[in-house]
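Hey, can you work out the whole structure from these sequences and the hints?
Taken in sequence, the protein lines are chains U and G. Take the first sequence: its position 146, counting from 1, is numbered 146 in my numbering, and each next residue is one higher. Take the second sequence: its position 218, counting from 1, is numbered 218 in my numbering, and each next residue is one higher.
Some hints here could point you the wrong way.
[Stated by the list, open to error] Derived BS3-like pairs: lysine-lysine, alpha-carbon spacing no greater than 27 Å straight-line:
#	chain 1	residue 1	chain 2	residue 2
1	G	220	G	19
2	G	19	U	19
3	U	209	U	223
4	U	153	G	96
5	U	123	G	96
6	G	96	G	180
[As the list claims (entries may be wrong)] Quick list of simulated restraints, FRET-style, between CB atoms:
#	chain 1	residue 1	chain 2	residue 2	range
7	G	136	U	119	25 to 35 Å
8	U	169	G	21	43 to 53 Å
9	G	127	U	186	34 to 44 Å
10	G	30	U	81	47 to 57 Å
11	U	71	G	25	23 to 33 Å
12	G	12	U	61	50 to 60 Å
13	G	44	U	11	22 to 32 Å
14	U	119	G	77	21 to 31 Å
Bear in mind the hints are in silico, worked out from the structure with no lab data behind them. Even for Gly, the Cβ is constructed at its ideal location relative to N, Cα and C.
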Amino acid sequence: MRLVVVAGPPSAGKTALIKQIIRSFHQRRRVAFLKIDVVRAFEDTELRREFGILTAKIYSGDLCPDHAGVMVLGDAVEWANGASADLLIVESAGLCLRCAPYLNQGLGIVVLSSISGIHTPVKMGAMISLADIAVVTKIDLVGQAEREVFLQKIREAYPRVRVFETNALQGTSLQRLYDLIAASEEIDPGRLLLRGVPPLGTCTICVGKKEIGWQHHFGVVRKLEGEAADYLFRGE
Amino acid sequence: MSGARAMIREITVLPGTTKDGRPEPFQRLDLRVGEIASVVGPTGSGKTALITDIELLAQRDTATGRQVLIDGEPPPDDFRYDPASRPVAMITQNTKCFTDLAVEDFLAVHARARRLSRSGLVAETIALANRFTGEKITPEARITTLSGGQTRSLMIADALTISAAPIVLLDEIENAGIFKQDVLETIRATGKIIIFVTHDPVIAILAQKRVVLANGGVVKILAWDDREQPAAQALIALDNRLVEVRERLRAGETLCDVTI
Chain U
1 MRLVVVAGPP SAGKTALIKQ IIRSFHQRRR VAFLKIDVVR AFEDTELRRE
51 FGILTAKIYS GDLCPDHAGV MVLGDAVEWA NGASADLLIV ESAGLCLRCA
101 PYLNQGLGIV VLSSISGIHT PVKMGAMISL ADIAVVTKID LVGQAEREVF
151 LQKIREAYPR VRVFETNALQ GTSLQRLYDL IAASEEIDPG RLLLRGVPPL
201 GTCTICVGKK EIGWQHHFGV VRKLEGEAAD YLFRGE
Chain G
1 MSGARAMIRE ITVLPGTTKD GRPEPFQRLD LRVGEIASVV GPTGSGKTAL
51 ITDIELLAQR DTATGRQVLI DGEPPPDDFR YDPASRPVAM ITQNTKCFTD
101 LAVEDFLAVH ARARRLSRSG LVAETIALAN RFTGEKITPE ARITTLSGGQ
151 TRSLMIADAL TISAAPIVLL DEIENAGIFK QDVLETIRAT GKIIIFVTHD
201 PVIAILAQKR VVLANGGVVK ILAWDDREQP AAQALIALDN RLVEVRERLR
251 AGETLCDVTI
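As structure tokens, this is what we get:
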């Protein structure tokens with residue numbers, strides 16, 4: 001089974017891109033799709049209806065969606081493998097842009113909209129730097145020069161990442177991406193690891209607190225003033 | 001300009017399908033260096049889709065299913081995916097830019113994307129843009145604050161100096177408040193393959209090839225016909241007259257003394 005993990009900010013065009021990937025593969029490969037979202041998601045039923053593929057979704061609710069993703073990915077690989085899928089596509093919710101949900105096997109794709117602002121690529125960090133491929137969407141909304149400037153900014157900040165551009169609604173110029181997916185190596189489910197360590201192992205606010213101010217929290221905290229070495233608060 | 005880009009002699013568009021999914025009724029559209037083509041047809045007929053196919057060097061992987069050849073062959077991957085090798089510059093109808101950079105920074109990054117390092121290139125581009133618009137563009141102005149005409153002028157200048165591609169696509173440049181005749185003259189002198197999407201009768205008739213679209217497909221390719229020469233002359237005269245009247249109206253004058 002091959003694996004593709006898709007991340008990117010909300011409304012960047014992740015689902016539109018995934019639809020094009022599925023459209024290109026579903027007749028010759030058995031495709032499974034997992035959507036990780038926070039409160040509501042419709043992609044699983046939409047894609048099942050449109051392509052007749054295997055789909056699943058999970059709501060992270062109060063939990064960080066990337067954290068939830070890490071929790072369920074093992075099960076998801078087992079589920080897709082058990083259903084004899086040839087290709088598993090995982091779509092993350094992509095919210096705070098700090099984590100990279102990509103694994104040490106399969107392809108990691110980050111989706112960015114060409115109208116998202118010229119400094120967005122450098123603000124996103126690991127979600128781009130740990131990806132194999134960046135797909136820039138909505139290219140029909142900006143001129144060629146502006147697109148090339150946006151792509152150049154990504155290339156300069158992340159020279160290792162391959163950059164493609166597309167109008168994901170129409171699926172233009174994606175053949176090379178499909179070729180890369182088809183040529184990617186099959187995964188070994190027993191040896192799956194995250195590509196990068198998530199920036200925070202514990203978030204005390206996530207687990208039901210409303211208080212603001214570092215005095216009310218424990219674990220990894222931060223004060224307004226202070227060097228990196230002061231981050232760790234080990235209690236009074 | 002890189003050797004590969006400079007050597008392009010011809011592009012070819014092979015048919016795809018119309019909006020109803022039927023094969024397009026043309027064999028092939030060939031355009032050679034120095035040729036100017038106009039693309040005409042009603043709104044929604046697929047004019048922009050045609051030049052977008054050329055811009056993306058479509059390989060049956062766009063909505064129309066068309067294929068574009070360079071010198072009779074499918075283009076190398078670099079032409080499609082590496083901005084520095086891309087042989088096409090396109091000016092879209094879009095006059096809105098989202099890039100929050102100063103004009104000079106925008107042009108400098110674009111020059112890096114095209115792997116050009118010649119000094120003076122940015123200043124040259126801004127100077128050329130200022131020939132196409134009456135509102136002066138300064139190097140420090142934010143791209144996002146430029147007017148429609150300024151943006152259009154800057155993008156045309158950028159296409160000619162920084163993109164410097166052998167194929168230039170222009171999508172309805174006439175309706176952005178720029179000096180059309182200056183743009184036309186500058187572009188004609190470059191010896192490139194030029195394709196105008198247009199509703200402007202003068203631009204449409206003066207092209208060596210007129211590509212007619214309907215319902216998403218190319219339905220006719222008309223070569224320049226000398227018998228249209230008188231009509232072309234009359235249209236140019238009419239257009240000059242209209243420009244004159246328009247400038248007077250824009251200047252707040254009344255037209256009580258004008259007979260049209």
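So, going through the hints one by one against the coordinates:
With a C-alpha separation of about 16 Å, the suggested pair residue 220/G and residue 19/G falls inside the 27 Å cut-off, and the hint holds. A C-alpha spacing of about 21 Å is found between residue 19/G and residue 19/U, which places the hinted pair at or below 27 Å, so the restraint holds. Distance hint between residue 209/U and residue 223/U is fulfilled; the C-alpha atoms sit about 18 Å from each other, no more than 27 Å. Restraint check for residue 153/U and residue 96/G: satisfied, since their Cα atoms lie roughly 19 Å apart, inside the 27 Å limit.
Restraint check: the Cα-Cα separation between residue 123/U and residue 96/G comes to about 23 Å, which is no more than 27 Å; the hinted pair holds. As the CA atoms of residue 96/G and residue 180/G are separated by approximately 19 Å, the hinted pair is consistent with the 27 Å bound. Checking the proposed 25 to 35 Å range against residue 136/G and residue 119/U shows it holds: the Cβ atoms sit about 27 Å from each other. Checking the proposed 43 to 53 Å range against residue 169/U and residue 21/G shows it is violated: the Cβ atoms sit about 18 Å from each other.
A hinted range of 34 to 44 Å is violated for the C-beta pair residue 127/G and residue 186/U, which are about 56 Å apart. At roughly 51 Å, the beta-carbon separation of residue 30/G and residue 81/U lies within the given 47 to 57 Å, and the hint holds. As the Cβ distance of residue 71/U to residue 25/G is approximately 57 Å, the hint placing it in 23 to 33 Å is violated. Judged by the Cβ atoms, the range 50 to 60 Å given for residue 12/G and residue 61/U holds: they are separated by roughly 55 Å.
At about 26 Å, the beta-carbon gap between residue 44/G and residue 11/U stays in the expected band of 22 to 32 Å. Between residue 119/U and residue 77/G the CB atoms are about 29 Å apart, so this pair conforms to the stated range of 21 to 31 Å.
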